[in-house]
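Asker: Please build the complete structure, drawing on both the sequences and the hints.
Residue strings, one per chain:
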Amino acid sequence: MLQVNNINVYYGKVEALFNVSFEVGDNEIVSLIGANGAGKTTLMKTIVGINKVQSGNIEYNGKEISNQHAHKTVYDGIVYVPEGREVFPQMTVYENLEMGAFSKKYTKGEMDDHIAEVYDLFPRLKERSKQAAGTMSGGEQQMLAIGRGMMSDPKLLMFDEPSLGLAPVIVDEMFRAIIKINESRKTPIVIAEQNAFMAMSISKRTYVLEVGHIVTHGASPELLNSPDIKKAYLGG
Amino acid sequence: MTGQIILQLIVSGLALGFIYALVAIEYTLIFNSTGLLNFSHDKFIMFGAYIFAAQFLLNMGVSPAIGIIATLATMFIFGVLVATGIFNPLRNMASPLFAVIGTVFLGRILTEITRLIWGATPFTVPGFLKGVVRIGNVVITKANITVIIVSAIIVVLLQIFFNKTKTGKAMRCVQQNKTAATLMGINVAKNINFTIALSAVICAAIGIMVIPLFTVDLTIANMIGLKGFAAGVVGGFGYLPGAIVGGIAIGILENLSTLVIPTLYKDCIAFVLLIAILLIKPSGLLGHKK
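Protein chains in written order, with my numbering: chain U, 1 to 236; chain E, 1001 to 1290.
Calculated directly from the structure, the hints in this document are not laboratory data.
Among the clues, some could well be false.
To be verified - Derived SDA-like pairs (lysine to any residue); straight-line CA-CA distance at most 20 angstroms: (1) E:Lys1164 <-> U:Glu110; (2) U:Lys72 <-> E:Leu1097; (3) E:Lys1166 <-> U:Asp113; (4) E:Lys1164 <-> U:Thr107; (5) E:Lys1169 <-> E:Gly1035; (6) U:Lys130 <-> E:Gly1168; (7) U:Lys186 <-> U:Asp26; (8) U:Lys72 <-> E:Gly1035; (9) E:Lys1190 <-> U:Tyr75; (10) E:Lys1178 <-> U:Glu95; (11) U:Lys130 <-> E:Lys1169; (12) E:Lys1169 <-> U:Glu183; (13) U:Lys104 <-> E:Lys1164; (14) E:Lys1169 <-> U:Lys186; (15) U:Lys104 <-> E:Lys1190; (16) U:Lys155 <-> U:Tyr75; (17) E:Lys1169 <-> U:Thr107; (18) U:Lys105 <-> E:Gly1035; (19) U:Lys104 <-> E:Asn1163; (20) U:Lys104 <-> E:Lys1166.
Answerer: In structure tokens, the structure reads:
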């Protein structure tokens, strides 16, 4: 459904992505692994339109979406949950979720149903519904960022470092939630992670990025057993 | 007798205080949304006053009601134009200095445009909001009553707008996190244009309301512009409830000060208060942290 064909992306004069091709099929979870600065975030931001492509193109369900304004991408059903949560700190949890549905014209009932679904996935958010988002813990803010991303009924969800800075027990909860979203809503998911083992174990396919190049890609279980990958990303 | 004088001073101070509060709100909206200080905001107020008084009332002779609507509409369009042409490009420049210079000179340009179109001679608008109302022993001018009521309505409407409407909530999102707002599908540039237009409309409302209080001239809004700025800082910079509290506090305090110090020094109160607050509690009376 999403096809990225040979894109080159620059930050000013510095090239950040070299001839990158990347694909997401229906219902699948795809992981994007690589070290800090490899270009995972850049690739995701380019897909949503925050970064512009110099050459190459991005197609989504046959529609060309490269270089379209970032605020329009969500109307196509692509939702990017950014690194570092980026919640609206002075708004309540409830209001943050409401804003997740900005691109939709929900009735009051539809809005309630969507919020109930998020609360169902993360009961903690329900307890905090009236609390200002900025006053919550990192894990809770990550739950909120994921929940906010679900509000617009996305057709493709992209998570950028959902485990960053979280306690191991919360990381497990986060990944369980991601699997659940994929299974219950049949939404294809892209996860960019430094926690390569976690991301690869829940995904069907994996792309490995190194300084702006896709160095290898393939089925996650196979890559998990590859000696090179083990050495570089899985600690031996 | 003294009690009555105090009451009298409080009521007229309240009216001016609301004006300062609106000034503080008007520039806080732009600051929160773009991170820019609009150094031409007092000229927006002056411009609004001239469009209403000089153009619509005196030149074209329309009724005040139609004049008000036409002025607010004109200033809305004016707001969109300066937002698209000046504020949005300046916001993305390398240094905030560009924006400072840009808005300062926008103010100069507005002053000169006004001088060219409507002349430099000060004037008053006869019969607009003149007269007094007596409540017991207290005499209140109609202008002051209008200011208090209209300002209170504007403040309440803004609260409803920001908390209940989709556009208002989107404006809060843009203030808090522009990247995330974009990801929600909010057109940030368009949203900022709307915020600036809204600020220009509030400026026009202030301009219209101060006409009966002052003589209409090119410097009509200089002092309220400065005191409104002080009001924002005193109440808590960038925080709307703080702007209201700061404005009303300054308005009432400076009026009451005439009981103990010569009237000549009344205008100093706002700035003494500003410096005192900056020294003692820099985050402002309501101490809001971002």
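Asker: It remains to establish, for every hint, whether it holds in the given structure.
Answerer: For each hint, the structure was consulted:
| no. | hint | in the structure |
| --- | --- | --- |
| 1 | E:Lys1164 <-> U:Glu110 | holds, 17 angstroms |
| 2 | U:Lys72 <-> E:Leu1097 | violated, 32 angstroms |
| 3 | E:Lys1166 <-> U:Asp113 | holds, 19 angstroms |
| 4 | E:Lys1164 <-> U:Thr107 | holds, 14 angstroms |
| 5 | E:Lys1169 <-> E:Gly1035 | holds, 18 angstroms |
| 6 | U:Lys130 <-> E:Gly1168 | holds, 19 angstroms |
| 7 | U:Lys186 <-> U:Asp26 | holds, 8 angstroms |
| 8 | U:Lys72 <-> E:Gly1035 | violated, 24 angstroms |
| 9 | E:Lys1190 <-> U:Tyr75 | holds, 17 angstroms |
| 10 | E:Lys1178 <-> U:Glu95 | holds, 16 angstroms |
| 11 | U:Lys130 <-> E:Lys1169 | holds, 16 angstroms |
| 12 | E:Lys1169 <-> U:Glu183 | violated, 32 angstroms |
| 13 | U:Lys104 <-> E:Lys1164 | holds, 16 angstroms |
| 14 | E:Lys1169 <-> U:Lys186 | violated, 31 angstroms |
| 15 | U:Lys104 <-> E:Lys1190 | holds, 18 angstroms |
| 16 | U:Lys155 <-> U:Tyr75 | holds, 10 angstroms |
| 17 | E:Lys1169 <-> U:Thr107 | holds, 17 angstroms |
| 18 | U:Lys105 <-> E:Gly1035 | violated, 30 angstroms |
| 19 | U:Lys104 <-> E:Asn1163 | holds, 18 angstroms |
| 20 | U:Lys104 <-> E:Lys1166 | holds, 11 angstroms |
In summary, the structure is inconsistent with hints 2, 8, 12, 14, 18 from the numbered list given earlier, while agreeing with the others.
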